[in-house]
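Let's have the full structure, built from the sequences with the hints guiding it.
For the record, the sequence lines run as chains X and D.
Taking our numbering, the leading residue of the first sequence gets 23, the next gets one more, and so forth.
Taking our numbering, the leading residue of the second sequence gets 15, the next gets one more, and so forth.
In case anyone wonders, no lab produced these hints; they're calculated from the structure.
Do not take every clue at face value.
As the list claims (entries may be wrong) - Quick partial rundown of chain D residues pointing at chain X, CB under 7 Å, derived from the structure:
#1 35
#2 73
#3 75
#4 120
#5 122
#6 162
#7 166
#8 188
#9 196
#10 256
Glycine residues also receive a C-beta, built at the ideal position from the N, C-alpha and C atoms.
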Amino acid sequence: MILHLEAAFDRPFGPQWNPLRQMGTLTFFYYWIVAATGIYVYILFDTTVGGAYQSIEVMTNQQWYLGGIMRSLHRYAADAMIVTMVLHFSREFIMDRYRDVRWFTWFTGVPIIWMLFVSGISGYWLVWDMLAQYVAIASMEWLDWLGIFGEPVATNFLTPDSLTDRFFTLLVFMHIFGPLFLLFLMWIHVMRVSQPKINPPRGLAFGSLLMFVVLALAKPAVSHAPADLSMVPAELELDWFYMMFYPVFDAWGAGTLWGLAVGLSLILMAMPWIPPLRRPKPAVVHLDKCNGCTRCFVDCPFGAISMVPRTDGRPFEREAQVDADLCTSCGICVGSCPVSTPYRRTEELVTGIDLPDLSLKRLRDKTLKAVARIEANDTGRPGVLVFGCDFAADAKSVEGDGVAALSMPCIGMLPPSFMDFALSQDGVDGVLITGCQSCDCFSRLGNRWTEERIAGVRDPYLRKRVTRARLKVFWASRVQGESLGAEIKGFRNSLENLEGDGEAS
Amino acid sequence: MNELLGIDPDIPLFHLIPFVVFSPIFFYVLYNLGLKEIFNPSPEVREQRRLHKEALAREAAERTSKLQDSGLKLKTAKRTPLQLLGQGVTFALFALVIGYFSGAPAYVSHPPEKALLMLSFTHAGQHVEKCKKRSREELAKLAPNMRAPMSCSRERWPVIAQLSLDGDNFFQGVATPAGFSKDGHSSFYEDFSVSTGKHRIKVYLWDGVANAGQGAPDFMLEQDVDLGPREILVIGFDNEAGRITLE
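See the structure below:
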């Protein structure tokens with residue numbers, strides 16, 4: 023379902039700008055919008071009980087062209103953060119990107135949900151209108167249920183005289199320190215991610231900002247009537263993104279809401295282990311083939327490789343070492359190793375870093391078997407060998423006369439020399455590389471590294487002698503098998519034309 | 015045990031067991047979950063970070079030079095007018111969702127035609143046992159620094175409140191004293207939606223018995239009120255004056 027939706031979004035945005043694949047980066051970007059506009063709003067804000075409402079009214083009505091827009095951007099970007107955050111973690115869950123080595127990122131995401139709500143809700147208190155009165159009192163009543171305060175905190179809002187400037191200043195501080203702590207949590211959230219991507223593509227960022235400005239002009243954020251602690255707030259225009267739980271609180275009470283909030287949080291936090299992901303054996307380093315070049319160290323998307331002082335006495339400063347707890351066995355390190363070449367036939371094929379469950383030797387054997395299948399089913403049309411990824415469109419499904427395929431844990435595992443090797447085999451007229459959609463690699467960076475290796479800007483490079491017209495790269499998600507089939511058909515036609523034009527190498 | 019630790023004998027130590035047991039576990043887990051890497055990375059981790067930074071810089075420099083040498087240009091996404099229209103529609107739909115749910119649909123948190131009666135106060139109940147003088151033998155058994163001549167129980171009675179509106183006893187509640195030893199204040203925080211107009215309110219408080227109705231109330235208030243729509247009437251307690259209040 024989500025993959026079909028993403029495929030639909032690919033049409034207007036293209037794979038790299040597809041907002042469904044940028045939910046995490048968009049959340050970061052919206053945070054910066056909220057922070058920047060918040061600073062401006064705070065400059066004009068009066069932090070006293072008596073002056074808060076009026077200062078916001080002045081900002082909204084008299085300085086609508088700047089203060090009003092800033093206030094609206096502040097609110098709408100904060101609302102959008104909830105949407106992108108929910109879509110972000112839902113997607114990671116659906117795509118099974120939360121277990122195993124990803125547990126830390128998932129686990130630390132749960133406090134972010136709490137802190138985002140704390141930050142947003144505390145902001146609504148500061149307007150000090152009827153909505154603020156309702157939200158502040160209900161929030162305090164919810165906290166009071168815990169019984170950790172000597173006297174109910176909600177009594178601060180009992181009568182007009184009971185709310186002091188000092189207490190109100192405390193609420194202001196909460197709205198400053200809450201978002202700061204949120205940023206700290208967001209930093210921890212991506213801390214263990216190797217080369218984390220926290221900024222969306224510029225076009226998407228610009229489009230979002232433009233959207234918020236238009237929305238701010240079309241529907242400026244406004245306040246309710248000023249708070250009056252002698253009257254009960256009755257009809258309220260809730261911000262449902264942040265206040266969806268308040269009607270639940272009114273209907274079911276504080277205890278039930280605490281049970282739901284804590285229960286759901288604990289379930290979310292425990293999810294990486296219910297059940298834990300079973301993964302293949304981690305990568306192993308063959309020291310006799312490793313010269314400590316650091317390519318695998320740089321390319322590993324999960325920071326599972328470290329460079330340690332040499333232990334075998336060979337004349338290199340360092341050697342690669344795999345942390346089995348962080349390795350997902352994606353094989354990207356195999357693809358990055360300069361020793362990973364299929365051409366050696368006089369000695370056993372061993373590379374500097376390898377996967378025990380799918381070694382480079384086995385990958386070559388599978389390649390040769392696939393080539394043999396092409397030859398066995400030769401129809402006179404160009405033969406195509408497809409290298410695919412286990413988490414993308416099923417490469418095996420496109421096998422047929424003159425087309426053979428093999429799949430691996432990530433397309434980033436494929437050393438470019440294999441493309442050259444495959445094209446040098448009899449019967450193979452073209453090689454098609456496929457894997458997860460752009461910006462959506464299951465192993466984070468596999469398709470990006472592959473593109474750069476083919477383009478000749480990332481080591482190990484695809485040799486220049488390879489005729490590029492005989493090589494096709496097509497990224498396709500699991501639901502885009504038909505598109506992959508159509509692409510292969512078109513590729514074979516282009517290969518026929520190539521041979522017809524006599525341009526074959 | 016309390017005497018051994020020199021702690022007031024009235025403090026039940028078993029209440030501290032969860033803190034003693036779970037606090038170290040909690041902090042150990044929290045520290046190892048990631049705080050260690052932030053605040054106290056090992057020399058090996060620091061070295062790996064330095065190496066990674068260097069390798070990334072080297073890789074980026076190579077990439078730039080290869081890009082220049084090869085004459086390749088980074089792909090710039092070119093959008094067709096139809097794609098731009100599609101993007102505009104997507105952003106417009108997103109803006110509609112954000113704009114609508116940021117203030118709609120309206121929610122009625124309290125019936126506008128009704129008033130609100132709030133019972134909210136903090137009051138300490140009487141001590142369960144009256145103070146008594148310690149005998150010489152009792153004093154001798156205590157640690158030297160604990161030999162107070164008077165022994166006073168810390169535990170207090172709960173505070174019991176009963177509300178009646180126009181003769182209808184609609185609320186009776188018990189507030190237990192705060193604290194492990196039940197020696198703190200008792201707090202009420204309740205609200206009731208009531209019809210507007212004139213009412214006769216009766217409030218009864220007991221602060222020296224276990225159950226309501228055991229003897230005459232310790233405090234009582236009976237008053238006529240006239241409540242308007244959405245008006246809030248707070249039933250409180252003035253501890254200095256020792257009386258129930260209506261605000």
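Hint check:
no., hint, in the structure
1, 35, "19 Å, violated"
2, 73, "5 Å, holds"
3, 75, "12 Å, violated"
4, 120, "5 Å, holds"
5, 122, "5 Å, holds"
6, 162, "25 Å, violated"
7, 166, "20 Å, violated"
8, 188, "14 Å, violated"
9, 196, "13 Å, violated"
10, 256, "18 Å, violated"
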